[in-house]
Amino acid sequence: MLSENKNPTINHNPGHVKHDGHNMTGFIIFLCSESIIFFAFFVGYGILKVTAPVWYPEGIDGIAVKEPLINTVILVSSSFVIYFAEKSLHKKNLWGFRSIWFITMLMGSYFVYGQYIEWSELSFSLQSGVFGGMFYLLTGFHGLHVITGILLMGLMLYRSFLPNNYQRGEMGVESVSLFWHFVDVIWIILFVLIYLWQ
Amino acid sequence: MTIINYDQRLVKSKNPYPRGPNDWKRFFSFNTDAKVIGIQYIVTALFFLLLGGLLGMLVRGELITPPSDLFDPTVYNGLYTMHGTVMLFLFLFPMLSGLTNLLVPPMIGAPDMAFPKLNALAFWLVPVFSIILLLSFFVPGGPASSGWWSYPPISIQNPLGKMINGEMLWITAISLSGISSIMGAVNFVTTIIRMRAPGMGFFKMPIFIWTVLAAQLLQLLGLPALTGGAIMLFFDLSFGTSFFRIEGGGDPVLFQHFFWFYSHPAVYVMVLPVFGIFSELFPVYARKPLFGYKFVAVASFGITILSLVVWVHHMFYTGTPMWMRNLFMFTTMLIAVPTGVKVFAWIATLWGGNLRLSTPMLFCLGGLFNFIFGGITGVMLATVPVDIHVGNTYFVVAHFHYIIFNTIAFGIFAGIYHWFPKFTGRMFYEGLGKVHFALTFVGATLNWLPLHWAGLLGMPRRVASYDPEFAIWNVIASIGAFILGVASIPFILNMVSSWVRGKAAPPNPWRAIGLEWLLPSPPPHENFEDDIPTVLNEPYCYGLDKPFVQDEQFYIDKSFKKH
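Protein chains in written order, with the numbering used here: chain A, 1 to 198; chain B, 1 to 563.
Please keep in mind that the hints were generated in silico from the structure rather than gathered at the bench. Careful, some of the hints might be misleading.
[Unchecked claim] Label pairs and their calculated CB-CB ranges: (1) B:Val337 x A:Gly21: 55 to 61 Å; (2) A:Gly21 x B:Gln157: 48 to 54 Å; (3) B:Asn158 x A:Tyr116: 26 to 32 Å; (4) B:Ala438 x A:Lys49: 55 to 61 Å; (5) A:Ser125 x B:Val486: 39 to 45 Å; (6) B:Val128 x A:Leu106: 35 to 41 Å; (7) A:Leu106 x B:Asn158: 51 to 57 Å; (8) A:Leu151 x B:Arg194: 41 to 47 Å; (9) B:Val337 x A:Ser125: 39 to 45 Å; (10) B:His525 x A:Leu106: 46 to 52 Å; (11) A:Leu178 x B:Leu544: 55 to 61 Å; (12) B:Phe203 x A:Gly46: 26 to 32 Å; (13) A:Gly46 x B:Arg287: 52 to 58 Å; (14) A:Val43 x B:Trp124: 29 to 35 Å.
Glycine included, each C-beta is placed from N, C-alpha and C at the ideal position.
Next comes chain A alone, as it looks inside the complex:
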């Protein structure tokens, strides 16, 4: 019945032991998909800006760039900071990781604060024509992603205090860091579209 000696090098492969940790693959696929929503918004923004008969709401002929630029610099540099946090973790420098990671969180929080200040000082609202809607939609949707990123970082920070947390790899930290880079790149495109292309 069973051909033991015919083919001694036969290969019966273990099953579920092998499949543990496709989280990174799944997360990258998800991010690619998520970027399409932003892509759709950006394309919509571009088309409406080019074709709309009236773009800026009445009494406004542009928006200030200076404060958002400071915000941008902080968010973009936080992407480098998080890279160093990840690097310290790879070197098993746990406290180095925690402190640099926390600095990234602070920088992200400052960005959200700056965004809040900007929103509260603007003279137009969500209902002010196409530009008003687009402005709040894009910055709001991006802001939600920033807040999500900060919350995820908080979770990773909490988890770093759990014993044996990194026994199965550092996939959580790597994923959150990737997400942060993603949020950052989206902001750069958004900044160019809204603030520089006036």
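Given chain A's structure and the hints, the job is docking chain B onto it.
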């Protein structure tokens, strides 16, 4: 040498597969087993097929006479909108997710999906958004009634001025459905890329897996565009923005771009797995290898790529510039090439085969026949002058029902019958299956074939009353619709009664090649457990002297072992 290792494995493997869980309560719980989730999806979807069919029969009941006598025209608008929405988002997508969940892990030799919890969550969103959608029947103003495509400005009118209205519930339900689909897509793609059995390179995967991969990549690329559009529509409807409001400087046609950028590929998301089912079943029931395996496999990706650049053909009559019309006419016609590759491969597979006309094969043959017909009317509609002439008439309705019901639903029925013994462990009743097929084929043909004529004569879609000259076609169509309703009786009878007391199914009742057929029926909880076979060839070598997996006899013997 390795012989020692092998013997140890053999000792372990001599144990039969453990008995699968046999507790009906697991189907009503948050279960992470892909096989349970698959059946949850399929049963839920079949329930909504009945509901959507009922709505469809109400629509046909209204249209059996020229004046709008059965329903008020406003109610009629709600009926066809909900019919389309229920059929697409509550029947077809969950149904295909269910089949995919059942089939992907065993077909590639994986124990489960890559993210079982995410999988369960994706399923449990279905009842949530279904309830939200169906609740819209009970809010003031009734359900959404701007058609399943929900074009502004009609969709953002909100005449009663209420915050919670049918349209708002519709958008919420569709967005949740989108989230569920994205969760599913991430899961399926990761599983297929990372969890295949050893030796199963891309060009040894079953075609069904190829088509699922192509379809789910399409979900990932297209669906977010609709989500983006839906968010903007929601803001326009509820928060007074003017993205699509012409009076606020917005552009209603922009929504159509967002909508069709996804919703045209959505047709391929649904039809590709059905192409996969055809490609799996024809070789089994014709006892011949699949003709041109590699071409059929690659053609799936040809369809994926092309389908992302054809969406404007839905908008030929909405003031699209001429160069755009010509460009999209060209790309749309180009998609007939990879599709044609598949159709010719199926016909060549059937040619000279030893056909077994059992129920799954009958549904496949019927589906292929209808698909060729629907494909030809599709090429007609891709032609700009024809489309401008028959756009928004019953010709379009007839065309897409030939694809969506007469092809996709036929393929789904074929798949359900074919894999029913594998996943329930019971054989179905062949006679009832044949009655189901005969009623479905006659009903579907009577329902949608005459509507081509009504459309060519100029009968517009989405109206409750029409000119009496179209009456004869509508009477025939309505009779067809009621026959389709009757066809569900032998189907339900068959499924329920065979699952409860059908004959026990052997592991491989159709003498098919494929990893899932090397497992007992029903498969154990983790499929192959610690004995995952090494794949040597693609699963279509009928009548050829090519082994499918290493040490095939071992797996066959094991699958017959009683618990």
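Hint-by-hint comparison with the structure:
no.: 1; hint: B:Val337 x A:Gly21: 55 to 61 Å; in the structure: 40 Å, violated
no.: 2; hint: A:Gly21 x B:Gln157: 48 to 54 Å; in the structure: 50 Å, holds
no.: 3; hint: B:Asn158 x A:Tyr116: 26 to 32 Å; in the structure: 30 Å, holds
no.: 4; hint: B:Ala438 x A:Lys49: 55 to 61 Å; in the structure: 58 Å, holds
no.: 5; hint: A:Ser125 x B:Val486: 39 to 45 Å; in the structure: 57 Å, violated
no.: 6; hint: B:Val128 x A:Leu106: 35 to 41 Å; in the structure: 37 Å, holds
no.: 7; hint: A:Leu106 x B:Asn158: 51 to 57 Å; in the structure: 43 Å, violated
no.: 8; hint: A:Leu151 x B:Arg194: 41 to 47 Å; in the structure: 28 Å, violated
no.: 9; hint: B:Val337 x A:Ser125: 39 to 45 Å; in the structure: 51 Å, violated
no.: 10; hint: B:His525 x A:Leu106: 46 to 52 Å; in the structure: 47 Å, holds
no.: 11; hint: A:Leu178 x B:Leu544: 55 to 61 Å; in the structure: 46 Å, violated
no.: 12; hint: B:Phe203 x A:Gly46: 26 to 32 Å; in the structure: 40 Å, violated
no.: 13; hint: A:Gly46 x B:Arg287: 52 to 58 Å; in the structure: 56 Å, holds
no.: 14; hint: A:Val43 x B:Trp124: 29 to 35 Å; in the structure: 33 Å, holds
Going through the hint list in order, the structure does not satisfy hints 1, 5, 7, 8, 9, 11 and 12.
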